[in-house]
Amino acid sequence: MTAEATEKARIGAPSIAGFTEEGEQLVSSKVDHKHNDGTTVMASRAERLTSQNVADFKLPDGREEEWRFTPVRELVPLLTDGANDDDALRTVVEAPEGFQAAPLAIGQAPRATTLVPADRAAAVASANAPEALHVVVPAGAQPEEPVRVVLSGQGAGKRSNSHIVLEAGAGSKSVVIIEHEGSANHNGNVEIFVGEAAELTVVSVQLWEDDAIHLAQHDALVAKEGVYKHIAVTLGGKIVRLNSNVRFSGEQAEAELLGLYFADAGQHLEHRSFVDHNVPNCTSNVLYKGALQGAGAHTVWVGDCLIQKQAVGTDSYEKNQNLVLTDGCRADSVPNLEIETGLIAGAGHASSTGRFDDEHLFYLMARGIPEDVARRLVVRGFLNEIVQKIKVPALEERLTEAIESELTAGEN
Amino acid sequence: MSTLEIKDLHVSIETEQGEKEILKGVSLVIKTGETHAIMGPNGSGKSTLASTIAGHPRYTVTSGSITLDGEDVLEMSVDERARAGLFLAMQYPVEVPGVTMTNFLRTAKTAIDGEAPALRTWTKDVKAAMDQLRIDADFAQRNVNEGFSGGEKKRVEILQLELFKPKFAVLDETDSGLDVDALKVVSEGVNRAHATGNMGTLLITHYTRILRYIKPEFVHVFVDGKVVEQGGPELADRLEDEGYDRYVAGAGSAAEPAAV
Chain H
1 MTAEATEKAR IGAPSIAGFT EEGEQLVSSK VDHKHNDGTT VMASRAERLT
51 SQNVADFKLP DGREEEWRFT PVRELVPLLT DGANDDDALR TVVEAPEGFQ
101 AAPLAIGQAP RATTLVPADR AAAVASANAP EALHVVVPAG AQPEEPVRVV
151 LSGQGAGKRS NSHIVLEAGA GSKSVVIIEH EGSANHNGNV EIFVGEAAEL
201 TVVSVQLWED DAIHLAQHDA LVAKEGVYKH IAVTLGGKIV RLNSNVRFSG
251 EQAEAELLGL YFADAGQHLE HRSFVDHNVP NCTSNVLYKG ALQGAGAHTV
301 WVGDCLIQKQ AVGTDSYEKN QNLVLTDGCR ADSVPNLEIE TGLIAGAGHA
351 SSTGRFDDEH LFYLMARGIP EDVARRLVVR GFLNEIVQKI KVPALEERLT
401 EAIESELTAG EN
Chain R
1 MSTLEIKDLH VSIETEQGEK EILKGVSLVI KTGETHAIMG PNGSGKSTLA
51 STIAGHPRYT VTSGSITLDG EDVLEMSVDE RARAGLFLAM QYPVEVPGVT
101 MTNFLRTAKT AIDGEAPALR TWTKDVKAAM DQLRIDADFA QRNVNEGFSG
151 GEKKRVEILQ LELFKPKFAV LDETDSGLDV DALKVVSEGV NRAHATGNMG
201 TLLITHYTRI LRYIKPEFVH VFVDGKVVEQ GGPELADRLE DEGYDRYVAG
251 AGSAAEPAAV
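Keeping their order, the protein sequence lines are chains H and R. Position one of the first sequence corresponds to residue 1 (UniProt numbering), numbered consecutively onward. Position one of the second sequence corresponds to residue 1 (UniProt numbering), numbered consecutively onward.
Just chain H, same shape as in the assembly (with noise of 0.2 Å):
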């Protein structure tokens, strides 16, 4: 026996692997578990495959832990390996004078330091996007109005594969807001790099046709001091699976990682959410909000967070709502919460999906408020607490437009 088992058996205290009275060894579980429909469930949300090739990820079929809610059968033209179709998408940088950088080629760094696919879409966009656009706020600017990058798809059906590389520099402070319209089969990477105390903003706008296909993963890497925002903001498309990643290279860094999602009839709206509290003392947030009406209407979010052993004095918090305003719909939400030490400030997760119901309706109705106010009243006050985040007033005003547009669509 040890000398610490020996102790606890002298003591009467029940001995736990891994596990001591201060609690700060806590481990992860080593041994993989399976889901009653057969998927597999990996040990530590670290050990999910990462790869630059596409052969590495073989095409999901939806038993995966990752796909278990998407219709995969849907995305297998984007899951192919496949260069873009000619004018698939077209791109319009609005940035001051010196923000674009020459594109940056496969393998030329920065690029693909901080993002490494963590799927095949992300692993297919990676090697069919020869040239990422590239731009970078200089250190210690403080540009008054948002760098826009706006994403055109000319099609549906039509294949494009992108890769953006953002970098703040040090002590820089910037809104960056990229805009997804029009119709495409689109596989995104944004690749995000927040200097020493810079302050980013990233807003990802999805306004797509109601046929587009969606998938993107953004991946930001924050520096000490940094201040990072992630906002994903998805009221269009067929299908949107958005994965928004971050971690650390400094201490005393913050990521919020926030979203906003309505989904209509016969859309699937997914956004995963993945902080990666890699280094000490660093504060993470992450706040999804979704509304659901329509027969079909479906959104999934799966919010993991990971707090390694060596990230003591950690706080970090996550939390999704969804609010079903219809019969018909299906709202999916998975937190995920792994604690590796114990030496932590907060960590902390909720979930609710509630509803809209017959009942609301009647109070609201019984003070004198017509239905149909009385439906937006509740929406936009649900979704106003993400809109605020956003502090460019141009965008919160188009975005409440695009709300009230979603709503009244419901009501026809």
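Rather than coming from a laboratory, the hints here were simulated on the basis of the structure. None of these values were measured; they are calculated from a predicted model. Note that CB positions come from ideal geometry on N, CA and C, so glycine has one too. Check before you lean on any hint, since a few could be wrong.
[Claimed, not checked] Straight line, CA to CA, 30 Å or less: simulated BS3-like cross-link-like pairs of lysine-lysine: (1) R:165 / R:127; (2) R:184 / H:389; (3) H:319 / H:173; (4) R:31 / R:7; (5) R:167 / R:127; (6) R:127 / R:215; (7) H:158 / H:238; (8) H:319 / R:215; (9) R:127 / H:389.
[What the hints assert, rightly or not] The following residues of chain R were derived to be distant from chain H, with all beta-carbon distances above 10 Å: (10) 60; (11) 63; (12) 91; (13) 131; (14) 140; (15) 179; (16) 188; (17) 197.
[Said to hold, decoys possible] Restraint-style ranges between C-beta atoms, simulated for each label pair: (18) H:405 / R:57: 54 to 62 Å; (19) H:352 / R:132: 31 to 39 Å; (20) H:405 / R:122: 29 to 37 Å; (21) R:27 / H:405: 45 to 53 Å; (22) R:179 / H:342: 53 to 61 Å; (23) H:48 / R:131: 50 to 58 Å.
We have chain H already, so just place chain R on it with the hints.
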């Protein structure tokens, strides 16, 4: 001076066993400035009457009428009734996600008055009314009824009563689940609204204790979907001593629990 008139009202609900009649011919006339108490055992149809006046979709009026100053209330949608001046303080106010009290109160006031209240005086009015009902100022920023205790929800109902200034207020068991202090605070709110002289009150209750604080001029005893006795305040005193047994024994099926 307004009049709310209920004439030979018959109301049914759908149950798994088919249609079930809850109200079996109720007639009442309430005028501005009057307070009527409706008392009766559980399952007698008191709450059904309240919900039917407000227009809850669960209840079907099979015959009879409700009129407000001659206007057909049954023809009005739920929100139209509220705008016409009817207010129901609910027995179980629901939590409404995503809508703050501030936003809700202003939106409802705007709908009822047909114009937005003047911002400066409105904020002051809300604050004063909340103070009087001993509702914490931070409730204004919380979502409607979300996480409120039973007593807090009832106070917020009376807050709305005071702010919306209806012609007729129906209080559906507002006293249930309140401790003595909360009962006093809530009753004072109703009495303040009543003292304006512009409101008629229909107070629905199982117990007599709220009648120590709110004094009705008329008491109606409800059993098995009908008014079986009417009188003045002395009738309430008698009920306090005797309970409902003597009515229930005579009413036969009234003992059978009905959904309310």
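Note whether the CB distance of residue 179 of chain R and residue 342 of chain H lies within 53 to 61 Å or breaks it.
Once the Cβ atoms are compared, 42 Å apart, the range 53 to 61 Å for residue 342 of chain H and residue 179 of chain R is violated.
Residue 405 of chain H paired with residue 122 of chain R, Cβ distance criterion 29 to 37 Å
holds, 30 Å
Does residue 167 of chain R pair with residue 127 of chain R here, judged by a C-alpha cut-off of 30 Å?
The given pair, whose Cα atoms are some 23 Å apart, holds under the 30 Å limit.
Distance restraint hint 54 to 62 Å, applied to the beta-carbon atoms of residue 405 of chain H and residue 57 of chain R
Given range 54 to 62 Å: violated, Cβ gap about 28 Å.
Assertion that residue 60 of chain R lies outside the chain H interface [Cβ separation over 10 Å]:
holds, 15 Å
Taking only the CA atoms, is the gap from residue 165 of chain R to residue 127 of chain R under or equal to 30 Å?
holds, 16 Å
So is residue 91 of chain R really clear of chain H, every C-beta pair being over 10 Å apart?
Holds, because the least Cβ-Cβ distance between residue 91 of chain R and chain H comes to about 12 Å, which exceeds 10 Å.
Is the Cβ of residue 63 of chain R farther than 10 Å from every Cβ of chain H?
holds, 23 Å
Residue 131 of chain R remote from chain H - nearest C-beta pair above 10 Å
Nearest chain H Cβ is 21 Å from residue 131 of chain R, so the label holds.
Quick one: are residue 48 of chain H and residue 131 of chain R within 50 to 58 Å, going by C-beta?
About 56 Å separates the Cβ atoms of residue 48 of chain H and residue 131 of chain R, which means 50 to 58 Å holds.
Are the Cα positions of residue 127 of chain R and residue 215 of chain R separated by 30 Å at most?
Distance ~27 Å between residue 127 of chain R and residue 215 of chain R Cα, so the pair holds.
Between the alpha carbons of residue 319 of chain H and residue 173 of chain H, is the straight-line distance 30 Å or under?
holds, 26 Å
Of the hints listed earlier, those the structure fails to meet are numbers 2, 8, 18 and 22, in rising order.
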